[in-house]
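S.K.: One-letter residues, chain by chain:
2 protein chains.
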Amino acid sequence: MFDAKKTTEGIIEFIKKYFLKSNLKGVVLGISGGKDSAVVAGLFCRALGADKVIGVTLPCHSKKEDKIDAVKVSEYFGFKLFNLDLTETYNTFTKEFDKNFSELGIEMEMLKDSNINLKPRLRMASVYYIAQAFSTFESAGYIVAGTSNICELYVGYFTKGGDNIHDISILADLTVQEVIAVGDYIGVPKEVLYKVPSDGISALTDEEKLGVKYDDIAKVIYGEEVEEETYRKIEALHKRNSHKFNLPKYIKDEE
Amino acid sequence: MFDAKKTTEGIIEFIKKYFLKSNLKGVVLGISGGKDSAVVAGLFCRALGADKVIGVTLPCHSKKEDKIDAVKVSEYFGFKLFNLDLTETYNTFTKEFDKNFSELGIEMEMLKDSNINLKPRLRMASVYYIAQAFSTFESAGYIVAGTSNICELYVGYFTKGGDNIHDISILADLTVQEVIAVGDYIGVPKEVLYKVPSDGISALTDEEKLGVKYDDIAKVIYGEEVEEETYRKIEALHKRNSHKFNLPKYIKDEE
Numbered sequence: 006m007f008d009a010k011k012t013t014e015g016i017i018e019f020i021k022k023y024f025l026k027s028n029l030k031g032v033v034l035g036i037s038g039g040k041d042s043a044v045v046a047g048l049f050c051r052a053l054g055a056d057k058v059i060g061v062t063l064p065c066h067s068k069k070e071d072k073i074d075a076v077k078v079s080e081y082f083g084f085k086l087f088n089l090d091l092t093e094t095y096n097t098f099t100k101e102f103d104k105n106f107s108e109l110g111i112e113m114e115m116l117k118d119s120n121i122n123l124k125p126r127l128r129m130a131s132v133y134y135i136a137q138a139f140s141t142f143e144s145a146g147y148i149v150a151g152t153s154n155i156c157e158l159y160v161g162y163f164t165k166g167g168d169n170i171h172d173i174s175i176l177a178d179l180t181v182q183e184v185i186a187v188g189d190y191i192g193v194p195k196e197v198l199y200k201v202p203s204d205g206i207s208a209l210t211d212e213e214k215l216g217v218k219y220d221d222i223a224k225v226i227y228g229e230e231v232e233e234e235t236y237r238k239i240e241a242l243h244k245r246n247s248h249k250f251n252l253p254k255y256i257k258d259e260e
Numbered sequence: 006m007f008d009a010k011k012t013t014e015g016i017i018e019f020i021k022k023y024f025l026k027s028n029l030k031g032v033v034l035g036i037s038g039g040k041d042s043a044v045v046a047g048l049f050c051r052a053l054g055a056d057k058v059i060g061v062t063l064p065c066h067s068k069k070e071d072k073i074d075a076v077k078v079s080e081y082f083g084f085k086l087f088n089l090d091l092t093e094t095y096n097t098f099t100k101e102f103d104k105n106f107s108e109l110g111i112e113m114e115m116l117k118d119s120n121i122n123l124k125p126r127l128r129m130a131s132v133y134y135i136a137q138a139f140s141t142f143e144s145a146g147y148i149v150a151g152t153s154n155i156c157e158l159y160v161g162y163f164t165k166g167g168d169n170i171h172d173i174s175i176l177a178d179l180t181v182q183e184v185i186a187v188g189d190y191i192g193v194p195k196e197v198l199y200k201v202p203s204d205g206i207s208a209l210t211d212e213e214k215l216g217v218k219y220d221d222i223a224k225v226i227y228g229e230e231v232e233e234e235t236y237r238k239i240e241a242l243h244k245r246n247s248h249k250f251n252l253p254k255y256i257k258d259e260e
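Chains G and C are the protein sequences, given in the same order. Going letter by letter, the first sequence gives residues 6 to 260 in the numbering used here. Going letter by letter, the second sequence gives residues 6 to 260 in the numbering used here.
Keep in mind that a hint or two might mislead.
Any copy will do: because identical chains look the same in the list, a pair fits if it lies in one copy or spans two.
Below, in silico cross-link-like pairs of lysine to aspartate or glutamate (DMTMM-like), each with a Cα-Cα straight-line distance of 20 angstroms or less [as the list claims (entries may be wrong)]:
id, residue 1, residue 2
1, K22, D258
2, K77, D189
3, K117, E143
4, K100, D90
5, K200, E108
None of these hints come from the bench; they were simulated from the model. Source: prediction; values computed, not measured.
All chains should be modelled from the sequences, with the hints used to inform the complete structure.
M.R.: Listed below in structure tokens is the structure:
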């Protein structure tokens, strides 16, 4: 049985030890307004103190409500929240792309996936930019915190070069239900904790995009029974996205 | 003894097999004007045919000469070369950062490292954007090729979330000398192959920035003798950058 108190304390201890060992000061992370970044931010506040946590909202043609929820989270835990709007950066990039590639006949509609994945990559570049700026500014190490949980990781539900790039990972061994239990334990505002997760980019929820439920993914990970078709869907996602974990690499012949 | 012919053929075979197995069509990579991207582009042209290779120059406040060398490489191997200028995107981003963080007292000079690392991250986002656009446009898989060699990897001389993000790695087991031998074998233009490597970003060469020579790094990797101080410097770099390979991750207690 999952013990939220024990896991919360385990994570806090893990963070404290790692920061001490590595002589680090603080952490930077994007605050999306969803539960994962809220739980991560809260755990770092408990471990390091809220003054060592730098949250950033990184809107990019985003919904206003996400910002409101991000503010709620920062107010509850007491960490500083900055804003860095990526909309203009995104627009500048896509305009430049059009200028050089439109003559090929690549139409707007064909760039849907490119555009969806550009946002988490710009967000990654942003949090690293900010972490390095604070490290120099305060002559002390700031690192980037990741928010992926084991369900998302298992089916490869992340953007390579985007949200999978970070310096410390504290939810990667927890299922979505376990993340919620930890969030509940540390007091993450309910309207954030129980909000239906979506990427804030497409109009769909995560589960609609994936075509499977997080609870079923957790069951598959832990070898519990699910419907045959669900099992096949989840394993197909796992296999299809395995390239995100395994880089094919040429190794010299050892003859 | 390193056999350039055998390794070249081995890499070409490796690429062919992987593309066939994964049902992929082509490759996208940034062409910097330096030897590594030239050698990688040349090997993919030999393996897949030049019409399956999409090179991109991604200038960002860059030197004009790099572009000239990139064109030379594309003309020699016959692959298509696009240009996507990131200067405006970079400027838009840094302006937006200033707007939100300057009140803290973070000065220009303090952003040197942030700025240096922003460029390879924007380049990564760009090549993935282009690869996904071509995949949709041609209904066929395009992936991103990496250019890191074993010497750079050993000392962690790359930007996390930047040039270390790619989908296939063909030089990662080769030393700098071995990359040059392969490049010589496939005919990479001499002025590119023997150009002193630099990041095209700071004013220093790679070896000046690192404080050690690539040949000495190769010796350390293969257990050959180098001066005591050189050895210590290389091992210190290796250790200092090991966090780029090992993500600290909390694992639940198994009690």
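S.K.: When no copy is specified for K77 and D189, does a C-alpha distance of 20 angstroms or less occur within a copy, between copies, both, or neither?
M.R.: within (15 angstroms within a copy, 60 angstroms between copies)
S.K.: How would you label the pair K22, D258 (within, between, both, or neither) given a Cα cut-off of 20 angstroms?
M.R.: Answer is between: at 16 angstroms across copies they meet the 20 angstroms cutoff, but 42 angstroms inside does not.
S.K.: When no copy is named, should K117 and E143 be tagged within, between, both, or neither for a Cα gap of at most 20 angstroms?
M.R.: between (40 angstroms within a copy, 14 angstroms between copies)
S.K.: Regarding K200 and E108, is the shortest C-alpha distance of 20 angstroms or less found within a copy, between copies, in both, or in neither?
M.R.: Intra 43 angstroms, inter 34 angstroms, cutoff 20 angstroms: neither.
S.K.: Under a CA distance limit of 20 angstroms, which applies to K100 and D90: within one copy, between copies, both, or neither?
M.R.: For K100 and D90, the Cα distance is within 20 angstroms both inside one copy (17 angstroms) and across copies (11 angstroms).
Taken one by one, the earlier hints fail for this structure only at number 5.
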